[in-house]
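Peer 1: Sequence:
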Amino acid sequence: MARSVFRFLSRQSDPIQIASERHMLRLPRIGDYRQWYLLRLQSRAFLEPWEPSWRQDELSESSYRARVLRNEQEFSSGQAVPLFIFRKEDLLLLGGLTIGYIRRGAAQSCMVGYWMGERHAGQGHMFAALQLVIPYIFSELQLHRIEAACIPDNVRSIRLLEKSGFQQEGHLRDYLKINGQWRDHLMFSRLAANADTTRKT
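Numbering that gives the first Met the number 0 applies: residue 0 is where the sequence shown begins, and numbers increase by one.
To be clear, the hints were calculated from the coordinates, so they are not data collected in a lab.
Model, not experiment: these values are computed from the prediction.
Keep in mind that the hints are not guaranteed to be accurate.
[Stated by the list, open to error] Simulated pairs of lysine to any residue, SDA-like, Cα-Cα distance not exceeding 25 Å:
1. Lys176 with Ala18
2. Lys162 with Gln122
3. Lys162 with His124
4. Lys87 with Tyr63
5. Lys162 with Asn193
6. Lys87 with Ala127
7. Lys176 with Ser156
8. Lys176 with Ala44
9. Lys176 with Met110
10. Lys87 with Asp152
11. Lys176 with Ala192
12. Lys162 with Ile29
13. Lys162 with Glu146
14. Lys176 with Asp56
15. Lys162 with Glu139
16. Lys87 with Arg33
[As the list claims (entries may be wrong)] Ranges of calculated distance between the beta carbons of each label pair, as one might list FRET restraints:
17. Glu117 with Glu168: 23 to 31 Å
18. Arg64 with Glu117: 32 to 40 Å
19. Asn193 with Ser59: 40 to 48 Å
20. His143 with Glu60: 35 to 43 Å
21. Arg103 with Asp152: 31 to 39 Å
22. Arg43 with Arg69: 17 to 25 Å
23. Ile29 with Gln167: 19 to 27 Å
24. Gly123 with Arg43: 20 to 28 Å
25. Arg103 with Gly179: 18 to 26 Å
26. Gly99 with Gly169: 16 to 24 Å
27. Gly30 with Gln122: 32 to 40 Å
28. Pro51 with Ser138: 30 to 38 Å
29. Gln167 with Glu60: 19 to 27 Å
Just so it is clear, CB atoms sit at the ideal spot from N, CA and C, and this is done for glycine as well.
The whole structure should be built from the sequences, with the hints applied where relevant.
Peer 2: Set out below in C-alpha cells:
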C-alpha cells in the first residue's frame, strides 16, 4: 500500500495529507461545506443514535465555519488532528476521523472517534482509514496508546475496533451524553507494542 509522507505540523498552517491508493485523509476545509452538509443531512437518522444531540444550527454554514476554525486551532496547538476521509479517485467525502485528546508527558496517548456517511457504511472505508491513521499516530505523533470508546450495542463499531487490533479494557458507566442520554461505553485500546495485531480478514 502506497502511503504519503506523514507530517504533523504543530503550530504551522500547512495541512497534513495521509493517503493510500484508494483513500485520502486531510484536515477539513471551508470549501468542503457542501459535500459535508449533504452527507450529514442524508445520514442524519443513521448517525444520531451514536452522536451527541445535534444543535438546531448543526448543519448551517456558519456553524460549519466555526467548526473548521476550531479544528485548525486544535491542530495547531497539538491537541487534535481532525480529518475528513475522501475516496481518492474523485475526492468524494465519505466520513470523518478525529485523533483527539492528545496527551503528552507520562500518558503519550490519544482518543480516536469517527463517523461514516450512511451510503458508504459497511464497505471497508473506515477500516482502511484506521490502517492509515494508526501508523501515523505511532510513528509521526510518537504516541504510545490509542483509545476508543463505543456504546455496547454498537456492534459494527466493536467489530471494526477488534479487526483493527484494539482490545477491550473496561466498561464505563454513563460515560458520554449521546443523543440526549447518558450512555455506558466500552473502552478499547491499542498500544504501540501491538502494531502488528491488525487482522487481515
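Peer 1: Take the hints in turn and mark each one as holding or not.
Peer 2: Here is what the structure says about each hint:
1. Note on Lys176 and Ala18: the hinted pairing is violated, with a Cα-Cα distance of about 33 Å set against a maximum of 25 Å.
2. With a C-alpha separation of about 14 Å, the suggested pairing of Lys162 with Gln122 holds against the 25 Å cut-off.
3. At most 25 Å may separate the alpha-carbon atoms for a hinted pair to count; Lys162 and His124 meet this at roughly 13 Å.
4. Taking the CA atoms of Lys87 and Tyr63, the gap is near 23 Å; set against the 25 Å cutoff, the hint holds.
5. A C-alpha spacing of about 13 Å is found between Lys162 and Asn193, which places the hinted pair at or below 25 Å, so the restraint holds.
6. At roughly 12 Å between alpha-carbon atoms, Lys87 and Ala127 fall within 25 Å of each other, so this suggested pair holds.
7. As the CA atoms of Lys176 and Ser156 are separated by approximately 18 Å, the hinted pair is consistent with the 25 Å bound.
8. Between Lys176 and Ala44, the direct Cα distance comes to roughly 17 Å. Compliance with the 25 Å bound is thereby established for this hinted pair.
9. Under the criterion of a C-alpha separation no larger than 25 Å, the hint pairing Lys176 with Met110 is consistent with the structure, at around 17 Å.
10. About 32 Å separates the Cα atoms of Lys87 and Asp152, which puts this hinted pair outside 25 Å; it is violated.
11. With a C-alpha separation of about 32 Å, the suggested pair Lys176 and Ala192 falls outside the 25 Å cut-off, and the hint is violated.
12. A distance of roughly 33 Å separates the Cα atoms of Lys162 and Ile29; the hinted pair therefore is violated under the 25 Å criterion.
13. For the proposed pair Lys162 and Glu146, the alpha carbon gap of about 15 Å is at most 25 Å, so the pair holds.
14. The suggested pairing of Lys176 with Asp56 holds, with an alpha-carbon distance near 19 Å, which does not exceed 25 Å.
15. Among the hinted pairs, Lys162 with Glu139 is consistent with the structure: their alpha-carbon atoms are about 22 Å apart, no more than 25 Å.
16. For the proposed pair Lys87 and Arg33, the alpha carbon gap of about 18 Å is at most 25 Å, so the pair holds.
17. Look at Glu117 against Glu168: about 29 Å separates their beta carbons, and that is inside 23 to 31 Å.
18. Range check, Arg64 to Glu117: about 24 Å between beta-carbon atoms, so the 32 to 40 Å window is missed.
19. The hinted window of 40 to 48 Å between Asn193 and Ser59 holds, with their beta carbons roughly 42 Å apart.
20. About 39 Å separates the C-beta atoms of His143 and Glu60, a value consistent with the hinted range of 35 to 43 Å.
21. Taking 31 to 39 Å as the suggested C-beta distance range, the pair Arg103 and Asp152 conforms, at roughly 34 Å.
22. Checked against the hint of 17 to 25 Å, the pair Arg43 and Arg69 passes, with Cβ atoms roughly 21 Å apart.
23. The hint said 19 to 27 Å for the Cβ distance between Ile29 and Gln167, and at roughly 38 Å that hint is violated.
24. Roughly 23 Å separates the CB atoms of Gly123 and Arg43, a value that falls within the hinted 20 to 28 Å.
25. Between Arg103 and Gly179 the beta carbons are some 34 Å apart, a value that contradicts the proposed interval 18 to 26 Å.
26. For the hinted restraint 16 to 24 Å between Gly99 and Gly169, the CB-CB distance of approximately 19 Å keeps it satisfied.
27. For the pair Gly30 and Gln122, the supplied restraint of 32 to 40 Å is violated, since their beta-carbon distance comes to about 25 Å.
28. At roughly 31 Å, the beta-carbon separation of Pro51 and Ser138 lies within the given 30 to 38 Å, and the hint holds.
29. Take Gln167 and Glu60: their Cβ atoms lie about 39 Å apart, and the range 19 to 27 Å is violated.
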